[in-house]
Amino acid sequence: MEFLQPSTWEEALAAKAAFPDAVPIQGGTDVMVEMNFDRRRPDVLLDLGRVRELADWASDAGSLRVGAGVTYARVIAELGAMLPGLALAARTVGSPQIRNRGTVGGNLGAASPAGDSHPPLLAAGAVYEVASAARGARRIPAHEFYLGPKRNALEPDELIAAIYLAPAAGGQQFAKVGTRNAMVIAACSFAVAVDRSARTIGTGIGSAGPTPLQAPDAERYLAGVITDEGLWESGRLPDEAVLERFGALVADAARPIDDVRATASYRRHALTVMGRRTATWALRDGR
Amino acid sequence: MRLKCTVNGEAQEVDGVWEGESLLYVLRERMALPGSKNACEQGECGSCSVYLNGNLVCSCLVAAGQAEGADITTVEGLAREDGLHPIQRAFVEAGAVQCGFCTPGFVVATHDLLRRNADPSEMEIREALAGNLCRCTGYTKIVDAVRLAAERLELERRQA
Amino acid sequence: MRGAGQDGRTAVRTLFERPALGVGERVVRQDGDLKVKGEFAFSSDLWMEGMLWGVTVRSSHPHARITSIETGAALALASVHAVLTHEDVPGRKTYGIKRADQPVLASDRVRYQGEPVALVVADSPEAARRGARKVEVSYEPLDPVVDPELALMPDAPRVHDQGNVTASLHIRRGDVVAAAGAADVIVEGEYEIGMQDQAFLGPESGLAVPTPDGGVELYVATQNLYFDLDQMCESLALTRDQIRMTVAGVGGAFGGREDLSVQIHACMLALHTGRPVKMVYSREESFYGHVHRHPGRLRYEHGATRDGRLVYVRARLLLDGGPYTSSSPSVCLNAGSTAVGPYRCDDIDVESIVAFTNNPPCGAMRGFGAVQACFAHEAQMDRLAAALDLDPIELRRRNAVEVGSAVATGQQLEAPVPVRELLERLERLPPPAAAGGDGDLLLLPGGTSNTTHGEGVRRGVGYAVGFKNVGFSAGFDDYSTARVRVSAVHDQPLVEVHTSAAEVGQGGIVIHAQIARTELGVADVMVLPADTDVGDSGSTSASRQSWLTGGAVQAACIAVREELIRRAAGRLGEPEDEMRLVEGRVETASGLGIELVELVAADPAVAVREYRPRRTEPLGPDGQGHAHMAFSFAAHRAVVDVDVELGLARVVELVAVLDVGTMLNPLAVEGQIEGGTAQGLGLALMEEVKVNGGIVANPSFTDYLVPTILDVPRIDSEILELAQPDSPYGLNGMAEAPSISSTPAIVAALRAATGRPLTRVPVQPTDIVAAGAAIHDLGAA
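So the sequences go chain by chain: A, B and C.
Basically our numbering = 1-based index in the first sequence + 1354.
Basically our numbering = 1-based index in the second sequence + 303.
Basically our numbering = 1-based index in the third sequence + 91.
Mixed in with the good hints, there may be bad ones.
[What the hints assert, rightly or not] Covered by chain C, per the in silico footprint, the following chain B stretches (three or more residues, Cβ under 8 Å):
no.	stretch
1	314-327
2	333-339
3	355-363
4	368-382
5	450-458
[As the list claims (entries may be wrong)] Which residues of chain C face chain A? A few of them, derived with a C-beta cut under 7 Å, are:
no.	residue
6	Gln253
7	Val256
8	Thr539
9	Asn541
10	Gly545
11	Ile649
12	Met777
13	Asp794
If you are wondering where the hints come from, they were derived from the structure by calculation, not from laboratory data.
All C-beta atoms, glycine included, are put in the ideal place defined by N, C-alpha and C.
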C-alpha cells in the first residue's frame, strides 16, 4: 500500500491523476472503518488532510464556498448561523470525536445514502465543485451528484474541492430518526430549507432510497400554497392539512427498502411525520 | 514507512509502519502506549480517544501517516508529575471506573470538555461524552466524576 | 437516594471496631489509579518479545458441510508460521461447559455463521489476516434450522444427531386445569425477547506462552479459570500442572466470558510454533466469538380471582440456544424457576425448553433466564391488573411471595423476602418530575436528532419486580478457595490474599481486601493476581462471587488469625481462648501481648480455606426441589417520554429499589445497580443481534446499539440491607437482579404512554407506531 500526502491542491490532483484508484482519505471516519474491518485494501491511500485549500471556507458574492476539508465541528461553530440546516445535521453526526475529524467533503465522497450532510445540501440547492488535473474544475448540482448507493458523479481522476451554497434565506431544519438518542446512523432523515427571497421550498431525504433524494412535488406543493394564500407576506403558517399533505408528498418521493435499521414502511411513515414537523418549524423560524 | 510525531511531549520515530494501520495501532503496538483502547475500531465507542494537534479524535480512525509530524496526547500523558490529574482522581473516587476499558477514553474526552467549558451542566456533560460507551457503570457515576473534577479544577484555579 | 439498613436486621460480624477501608466502607478500587492512567494491563495489551499473532478463520455459512480445507496458499506466505485445523487439535476435538459438543475447530460440518474452522499465526495481525484470506474452505451449504419452534417438530432437520432439544424442564404443581375453573379472569399473552449481546468493551484476547516442559502459560480475559483449565486440558491433551493460567485484565464480561474463546486456539498455536502467541478479536469477530443471551418466545396464561389473587399460571418458555449446549441447561432451569415471578401461586404448569438451531450460540448473560421470564411475567401482571381494573402495584402486593412461600420449583423462601416492602417503597417514591423539562432537545425522544420539539410526546410510568436465584444451582458442588498469608515487610504486617476469582470490573478484589482488613485488622492488604497457582474459586457469575469467594477469604483470614493466636499463646504461655487479635497485637485481657509483626517475622502465617454454601439439590419429578441456595429481589420504576408518532423513546427517570443483603461496599453495589439497570434499558429499547436466516445482520457497534450517556438517565436507587442468614456478613448476591426488572419497567412505561401491547423487546419504533396506525389519531392526542 502506498500513502500519498500532497500538501497543495495541485499536488493532490496530480496524485489522483497518476493513481485514479487511489482512495482519498480526509477525516478517516469512513475509510478507516473499512480498513480496520479488513473490508478494503486499496493500493494507494491519498491523504487530503494537508491540503490547505480544502480546509477553508469563504463568503463571496452572496454565496459561501465551503472547502471539502472543513470538519463538522467547524460547520457547527463557524457556519451555524449562515447554514443552520447543515449545522443541525452536523450536530447529529457520530460523536464529538467524529465531528472533529469528519468532513462534509468526505461525506460526499462516500456518497452513502445515510450520510447526514446530503439532505440539507440538497434542500439548500448546493452545488459541488470537483476538479481534475486534466480538465480543471467543474460544478455539479447536488441533485445530480448522487448516482447510486455509495456512487457519485466523480470521474476517477477527480477530487471534491468545495461546496457552494447561499446563506439561509429562511428557516432550515433537519431531523433524523434512529433508535438511539446520540451517535446513531440515520434510519431515515429529512431536511427542509425555506427560501423567502426566491419563495421556494427545498427538501432532502436521507436513508430512504438508493441515493439521497429530493421531493420536488412536495417542494412545489408547499411553495405553491404559501404563494397562493399570500403567506410569504403574512408570515402565517399554512393550515395543518397543508403541512400534513407536504409530509405525505415527501414520503411519496422516497424509495426505501427494508434493512437492518428500519422497514420501508416505517421509513415512509417517519418521513411523513418529519416532513410535517420540520416544515412547520422552518416556516416558523424564518418569519 | 517511517512515522515521526510527538506523543505526550516526546519525539517518537517508528519504522516499518504499514500504511493502512491506524494511529491507535501505532500507539499500542509500536510505541508501547496501550492506554488508548481497541474496543470497536470504528469510531463508535470513544475508547481510543486522544488529542491530535489539540483536537479530540478517535485514534482508530486516523491513518498512521496522517499523524506524521503531529502533536499527540494520550491518556498516558495527562497525569501530573505529582500524581493523578484531578479528572483521573475524580473518576476513581466517584466510582466511575469498573472494568476500566472505557475509562481512558472518558478521561481524555472529559479533559477536552473541561478545558472548553469549566462548569458544564449535566446535559452539556452528556452531550460531550455521548461518543464514549461504557458498559459497566450506567454512566451515573461518570457524570458525578465529571462534576467532581470540574469543582476541583475550579478550586485549583481559585487557589492559583 | 439510599435507604439505611434496617435496625436489628444488619449483622456485620467484626471482632474489631471497623478498621478504615474494611467491610461496609465506600472503598475505591485499588486498580483505579492504573485504570485512569491507561496503565492497567488488559488482556489485549499484553506484549512479549518475539510474540506472533493468531487469527481465526470462521465459517461464512450458518449450516454447511465442509468439503475441503486448503491451507497451502496461506502457508506459502513468508510471514505465516502455521495454519491449524481440526486435525491439529491434540486432544478432545470438542469442548463445552456442560457438554463437550462444540468443536474446537469445525471438521466436517459448521453449525453457525462464524464458527471457527482454522487458525493462522503470523508475524503481525495484518499478515495473519492476509493468511486467513488465503485459507480456502469449501462448503456445501445445508438448510439452516433458524426457528426454534420448527426445530422442535419431529421432521425438522437435526442440528445434532440426538435431536434438537438442548434442555427442557417441566414444572408442575397443583392442578392448573382444576384451578382454571376457579379463575374469574384469564389473561393470555405471547412475548418475545430478542438476542442481546454482552457487548463488553474489552475484546476477547489472550497471550499463550509455551513452557520448556511442553506445557503452556495462558494470560486471558475470562470469568472462570478452572472451567477454562479443565476444558483446555482435555483438548490440548495436557495435565493440569502443564497449564498455568492467569486472569489478564478483563474489560467487562456479563456472562460472555464463561465459555471459551481464544483459550484453546492460542495455546494450540503457541505449542505448535514454540513462540508466544497473542490473539485479539475485533469487534465484529467478538459478535461471533462469544455466546449471547438466549432469545425467547414465551407464552403465558394467568388466571386470577376478581379480587386479584393468582389462581393458576400456565407458561411455555421456548429459548433459542443456537447449535451448542453452552450453559443452556442452567438457563433453562433458571427461566423455569423464575417463570411465575415473585408471586404466590399454587397451581402452575411451566415448560421451559431450549432448542438447538443454526442461529448464533447462546449461553450466559447477566440475569441468565430470569431476564426473559421477567419480561413476560411482568407484562402479564400488568395485563391482569388492567383486566381487573386494579392498580399494578396493588395487584403485585396481593400476590407477593413472603417468607414460607413456594417459588415455581416448590422451594420455600426463607427470610428475607422483601417483595412487599419493595412494592411499598416503589409506591412511596416521590412523583416523577414534570414532563417537558426546560425544553432541552437532549431531554426529548430523539435527542440531538431533532425529531420533535414536543409534538407527539407522551409520558408513561411503569413498574416491574423481578427475582433470581443466586449462585450455582441444582446440586452443583459449588465452592471457592482462598489463600491468605500474613508476613512482615519492612517491619509492618502485610496480608496477601490469593484466589482464582476473576476480577471483571465488579470489584471483587476490593471486597477481598476489605474482608482481610476487617478480619485481621491490618491496613496493608495486597490482592494477588488470580491464577491457577491457588485452588478453584469458581466463576465470576451467577451473583455468587462476593458470597463464595468472600466467604473463602473470610474463612482463610479467620484461620490465619487463629494461627496467630496459637503462636502468641505459645510464646507467652497463655491459654489461646483468652487471647485476641487487637490493633496489630495479639494480647490477653490484661494487656499482655505480642506484636503481630513479630509473630510472622520469621515464619509467615498462611491458611488456605474452601468455602461451601449450603447444598442445593437437583430438581425432582415435576420440577420440584430445593435447587437454589438463595434468591435476590429487585424492582424498578421507569418514567419514559415517547414520541408516539415516530415511535422514539427517551427514558427520563429510572429508580431501582432492591434488597442486597448487607453491603460490603456501597460504592460497588451502586455501580452494579446502575450498570445492570442500564443494560436492561438497552434490551428494552435498542439492543439486539439481528439474525436473518442464521446470518448476523449487525455485527458492529454501528448497528448493534449500546445505550450512550444520552440514553440512560441518572439512575437512583433505594437499597435495603436485609441480612442473609447464612452468608458472610449477611451479604446477598446482587449483581444480576438490577438487570432483570429494569427492562419490563421501561416497557410498561412505554405501554402506559402509547396504549400499545409491546410484547417484544427491544421495542422498535414500528411497534409503537404500528403498521397502518392512524397517525392523525395519535398526533391529535
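Quick check on the hint: aspartate 794 of chain C CB to chain A CB, less than 7 Å?
Constraint on aspartate 794 of chain C satisfied, holds at 5 Å.
A closest beta-carbon separation below 7 Å is what the hint needs, so does glycine 545 of chain C meet it against chain A?
Result: violated, 10 Å to nearest chain A Cβ.
May I ask you to test the interface hint for glutamine 253 of chain C with respect to chain A, counting a Cβ-Cβ separation under 7 Å as satisfied?
violated (34 Å)
Hint status (Cβ of valine 256 of chain C to nearest Cβ of chain A, threshold 7 Å):
With Cβ-Cβ at 31 Å, over 7 Å, it is violated.
Is the hint on asparagine 541 of chain C kept, meaning its closest Cβ partner in chain A is under 7 Å away?
At about 5 Å, which falls below the 7 Å cut-off, the nearest Cβ of chain A leaves the hint on asparagine 541 of chain C intact, so it holds.
Mind checking, does the stretch 314-327 of chain B have 3 or more residues with a CB under 8 Å from chain C?
holds (count 3)
Does threonine 539 of chain C meet its interface restraint, that is, does its C-beta lie within less than 7 Å of any C-beta in chain A?
holds (5 Å)
Three or more residues of the stretch 368-382 of chain B near chain C by CB distance under 8 Å?
holds (count 5)
Per-stretch coverage check for the stretch 450-458 of chain B, three Cβ contacts closer than 8 Å to chain C:
violated (count 0)
Going by Cβ atoms only, is isoleucine 649 of chain C closer than 7 Å to chain A?
Check failed: Cβ of isoleucine 649 of chain C comes no nearer than 50 Å to chain A, outside 7 Å.
Closer than 8 Å, Cβ to Cβ, for at least three residues: run that test on the stretch 355-363 of chain B against chain C and report holds or violated.
violated (count 0)
Tell me if the interface restraint on methionine 777 of chain C is satisfied: Cβ within less than 7 Å of some Cβ in chain A.
holds (5 Å)
Hint check: violations occur at hints 3, 5, 6, 7, 10, 11; the rest are consistent with the structure.
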